[in-house]
Amino acid sequence: MNETTPIAAGRFIGQRMPRKEDPRLLTGRGTFVDDISFPGMLHVAFVRSPIARGKITGIDLSVARGMPGVHAVYTAADLAKIKVTPLSFFLTPSEVEVPLLATDHVAYAGDPVVLIVADDRYLAEDAASVVTVDYEEEDPVVSLADARNGALVHPGTESNVSAAMGLDEDEDGEALLAGAAHLINRTVIHQRISQSPMETRGIVVSKQGAGELLVHITCQSPHMIARYLTIALGMPEYSIRVLAKDVGGSFGLKNTPWREELAVIAAALLLGRPLKWIEDRLENLISANQAREQEMTMRVGFDGQGKLLAARGEYSSNNGAYPQGADANVAVHMFMWAAYKIPYYSFYTQGWYSNTVGLAAYRGPWALESLIREAMLDIAARQLGIDPVEIRRRNLVTLADQPTATTMGIPLEDITPAECLEKLLTVLDIDAFRREQAAARQEGRHLGLGIATYIEPTGSAGSMPVMTGELAQLRVEPTGKVTATMSTHSQGHGTQTTMAQVIADRLGVPYEDVTVFEGDSAHGGFGPGAAGSRQGVIGGGASLKAAGLLQQKVKTLAAHLLNANVEDVSLEGGVIHVAGSPEMTRSLRQIAEIAYGEPARLPPGFEAGLEAQYRYTPPPMTFTSAAHGCIVEVDIETGFVKILRWISSEDCGNVINPAVVEGQIAGGLAQAIGMVLLEEAGYDARGNPIAVTFKDYLLPAISDVPDFEYVHASTPSQSEGGFRGVGEGGAIIGPPTLFNAIADALSPFGEVPLTLPLTPTRLLEVIEGRSMTSVAHAPAPVAPVVTEVAPAPVAAPAPPAAPARVDGLWKMVMASPMGGQEMKGRLATEGTTLTGTLLSDQGNQDFAGSIEGNRLKWEMKVTKPVSLTLKYDLVVEGDSISGKVKMGMFGTAKLTGERLE
Amino acid sequence: MSEHKIEMVLNGHSHRGAAEGRRTLCDYLRQDAGCTGVHVGCEHGVCGACTVRVDGQAVRSCLMLAVQADGCTVTTVEGLAAADGTLHPVQQAMQDEFALQCGFCTPGVVITLATLTDVPEKPSEAALLAAMSGHICRCTGYQGIRRAIRRLAGEATGERA
Ligand code: FES
Ligand code: FES
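Each protein sequence line maps, in turn, to chains A and B. Its first residue numbered 1, the first sequence is counted upward by one per residue in the working numbering. Its first residue numbered 902, the second sequence is counted upward by one per residue in the working numbering.
Hints in this document: simulated from the structure, not taken from any laboratory. Mixed in with the good hints, there may be bad ones.
[Unchecked claim] Straight-line Cα separation of at most 25 Å, SDA-like style, residue types lysine to any residue; simulated pairs:
hint : chain 1 : residue 1 : chain 2 : residue 2
1    : A       : K695      : B       : H945
2    : A       : K695      : B       : S1034
3    : A       : K20       : B       : T987
4    : A       : K824      : A       : Q845
5    : A       : K245      : B       : D997
6    : A       : K642      : B       : A1032
Work out the full structure, taking the sequences as your base and the hints as a guide.
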C-alpha cells in the first residue's frame, strides 16, 4: 500500500485536494490551441523534403498557386522579407544559421520547403501535394559514426562538432584509473526519443492592426514565448501577446517555438490574415525536434572494497541539423556522480550535427548520467561479488557527510539518496525476493530486481539568465474571493491546483475561494515555465510570500476598522476574527468592500484595495533525492518483460499535493518504461525516419505500466515552504531501475548490453547467446574515429619555449556550456607578470596573472551564470592562443583565439 | 467537391449540416459542430483521443467520415454530464482518482469507459482495462485511470445514452 504521510500538514498544503483544472477538461471545455479560431482565419500546410540531404534544383509552384481556396504559396525567399532569428532556450542565436524554410538545400527528411496557406487544411494539403521540388540527392550524415567521419552537415563549419567541452585527454585521470583494483568500462547507446505529447505542436497567429501580434501557441510558458518572439522578430514596435490556456503535454518539446511556428508567424505578418497551423502526428514524428540519441563510454575505477576511486566519461549526442540547443549536455557530467563520494571525475563531451531532425529537450535531458552510473554500479557489484545495495551504501553521500561538495564543486547540504534507499528497504524485502528468485529459477522463470539511487537539481533559478524566479500576484477581490495571477504555467502539472492550495493555506481562505490564472503573457510576470522541475518550488515559494503579505494587509486594515490590536486579528476560512471578541467577527468581503470602495475609512497611508505581489528567487539549486526498486519477470521464450512491482522512495521535501506529486512520478516512470522497452525514433541508413506513426513509435499503454507504490521521505528544502521539484525525476531514475532489474533477471545468461530499447529481440540475443538482428537493420556500428576531427589543441604543460609575443589584443572563443562565448582580451606582460582586460558583452573585467615562457595563467571571478572562479591556462604560439579554462562545476572548457592587434 | 447533407442527434439535440465526402467525423464535430472536446491525437486510429459514441458504440472519429454519421445519434464528451452540470460517474471517478493531467487524452478515455459502463450489466475490470489499452495517455502513467476503472467495474451506472 502507499504510505503517504501528509507532511507539514497545513489546511491545504499536503492534502490531496481535487484538481481545479479537471471539471473543464473532463467535460471537453478546455481551451487548447486548435480550439482557437478567428474570423477570416486561414490554414497552413507544409511541403517537406522526402530526402535527408540534397540540393534544391527547382521548385514548381504554378499548379498549387492556381488552385481554388489557395491564398499564398511561400518559399524561403518569400519569408525572407520578414527577418526572424531562431534562438536557443538561452535566447542566444544558433551557432549555425537556422532558416525557417529550406533555402538552397535540405538537411533532413521532413525539412519544410514550401508553406501553403488555404481556406482549410484539406485544401492546403491538396495544394502541397501538387508542388514539385527537384532535388539533387546527396549521401546523408545520419548516425554519430557518420557525423564523425562523413561530410560536413553545414558547409562552412570546421567540423560536425556543434559543441564540445572538457578534456579530450586526461593524464591525471588515466593514472588514477590505471591504479584502481577494479576497472569497469562500458558504453551506453541511448536511442532517439520523440517526446510525443498527445497534443502536437500548433500555433494560431493574428496580426491585429499594425502594431499588435496575438499568438496562441501550445507551449511551456507564454511569457517565455513572448520574450523569445520579441527578440527573434526584432520588431520593438510590435506589442506581442502570447496565450496558452490548456496545453496537451510538452515534456521539453515546447520550450520555445521552432522553424514551423516561426514560419507561420512570418507568413501571417506577410499576408495580414490570421493563420492556424496544427502539426499532424506524421509531422510531429518526423519534424518536431527530438531528444536523446546519445552514446557514452564510462570507465570507473574501484578499490578492493568497492569504493569509487575515479571515473572518466566520454559523451556524444546526435544533435541533428538544426538543434534547439546545440550543446554538449555538460549537465550529464555535472550530475554524474553528484550523489556519490568519488575523488575524481573527468570528461569529454561533444554534440554533433547530422542530417536528422534537431535535438530538443526531453524530461531530464541529462538523465543519461543516472542510467550509465547506476547500471555500472550493478555491473561492478556483480563483478566484485557485493550486493547492489551494499555498493551504494559504501559510496553514497549521506546526511551525516553534509555539508560537502561534489567532485565538480556543487555544494550539497541536504541530499538524502542514502536515506531514501534505507526507506525503500523497509518496504522491499530483498532477502525474501532472493529466495523467491532462486525458487522461480528452479521452475525456469526469471525474476530480477533493480535498484537505483540518484539526486536531481530542481527549482533552478539564477543559474542561467533565463531561469528566473516566479511571480505571484494576489488580490482579495471586493467580493471577498481571491484571485491569483501567476507566472507559472501548466501542461498537465496542475499548478492552478497546487498554487491555490498554497495560497489558501497561507492566506487563510477556503480552497474553493481561490482562482488561479496563468497562460497569458499579458498577465503576471516573466517565468520560464515548466523546465527543470521548478514551478512547485519557485511558484510555491512566491505564492507563500505573496499570501503572507496579503494576509498582513488584511489584518492591518481589519485591526484599524475594528479598533483592535493587529496581533489579535486572525484570518481563518475567509473569516476575520478578533481574539476574545466574537462580536467583531467579519467576513473577508465586508473588509474588502471597504478596502476598495471607502477610502476615507482606511488607515493613513494605507494603499486602497487588497493586493500583494512577490517575485521569489530560491537558492540556485534545490535537490530532490530518490531510490527506486523494481521487480520484473523476463519470459525467456519470447524476450518479453513484465514489470511485477515498482516502488518509489523519494524525498521531494514538503509535498503540496501528494496526488499531484505521485502523478508526476508515475508519468515520468511510464516514459522511462517506454525508453527502456518500446520507443525508438530512428533512421535508416539513408536518413529516412523509421517511426512515423504510433504504430511504429510504440508508446506505453496501460498494460505496460504497473501500479506504482510510493514512499515519501520529506526533508524540507532550504527554499520557501521547503518544497523540492519532482517533475522530471521518474524519467531519470526509471531507466536504470528497470535496466538493472532486467540485467539481474538475465544474469544467468550473460550481460545485457546497455543499448536501448531492450526489445524482445535484443533480450533473446542475450538469452540465446546469438545475434538475431538481421544485417539490414543492424544498428550502425560505432565506427572508430578515423579522421580525427581537429580538436582545438589543449595546453599541455608548456615545454620551455622561446618567449612569445603576448602583448596585444586577442580575439578568443570559449566553448562554454551555453555555447561559444566570444570575447576579446588585451594582454600586457612585464617579466613574469601578466595583466589584462577581458572585453565581452557582459562588460569588461581586469585580471592579473603570470607568464612562464609562452604559457599564461590567470584567475577571474565571475558572477554570471553563477558565482565561479575561472582558471585560465593558455599557450601562445605565434598569432594564435589556445588552452583551457577550468569552470568549477561546469568542468573544463576549451578556448581558442587569434591576435587582432 | 461533393457536399452532402448530414443530420444527426448530437449530444441530445438535433443537428443539421453539410460536409464534403472526405471530411472526417472528428474534423466535422470539432470545426463544423463546435464540439472541440473531441481531440485529435494521431489521425490514424491508435491514440483513442478522438473517440466518440455513435449509436451506442465507441468509435474513433478520425477513422470515420462525417457522412457516415448521417442519421446517427452521436455523443461527445460535451454531452455526458447532466444538464445541471453533475458529472457522469466516469467523469467523477476520473476526477476523484486524479486520472488526468494535461487532459488531452481524457475525452476519448471518458467516452470509452462511459460507453462500456452505461449498461445494466456490470462490466468486469478486465474488460475495461482491455478497452483502455486502446488509449494512449502520455502524462499519467495510467495510475489514476486504473484506479477509476477499479471503481467503475464495481459500479455500473445502468443508463445508456
Ligand atoms: S486521433 Fe483518432 S485514434 Fe488518434
Ligand atoms: S492526461 Fe495528458 S495525455 Fe493523458
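Here is what the structure says about each hint:
About 9 Å separates the Cα atoms of K695 of chain A and H945 of chain B, which keeps this hinted pair within 25 Å; it holds. For a cut-off of 25 Å, the pair hint linking K695 of chain A to S1034 of chain B stands: about 14 Å separates their Cα positions. Pair hint K20 of chain A plus T987 of chain B holds up; C-alpha atoms about 16 Å apart against a cutoff of 25 Å. A distance of roughly 11 Å separates the Cα atoms of K824 of chain A and Q845 of chain A; the hinted pair therefore holds under the 25 Å criterion.
This hinted pair checks out: K245 of chain A and D997 of chain B have alpha carbons roughly 23 Å apart, not beyond 25 Å. Of the pairs offered as hints, the one joining K642 of chain A and A1032 of chain B holds, with about 20 Å between alpha carbons and a cut-off of 25 Å not exceeded.
Checked against the numbered hints above, the structure violates none of them.
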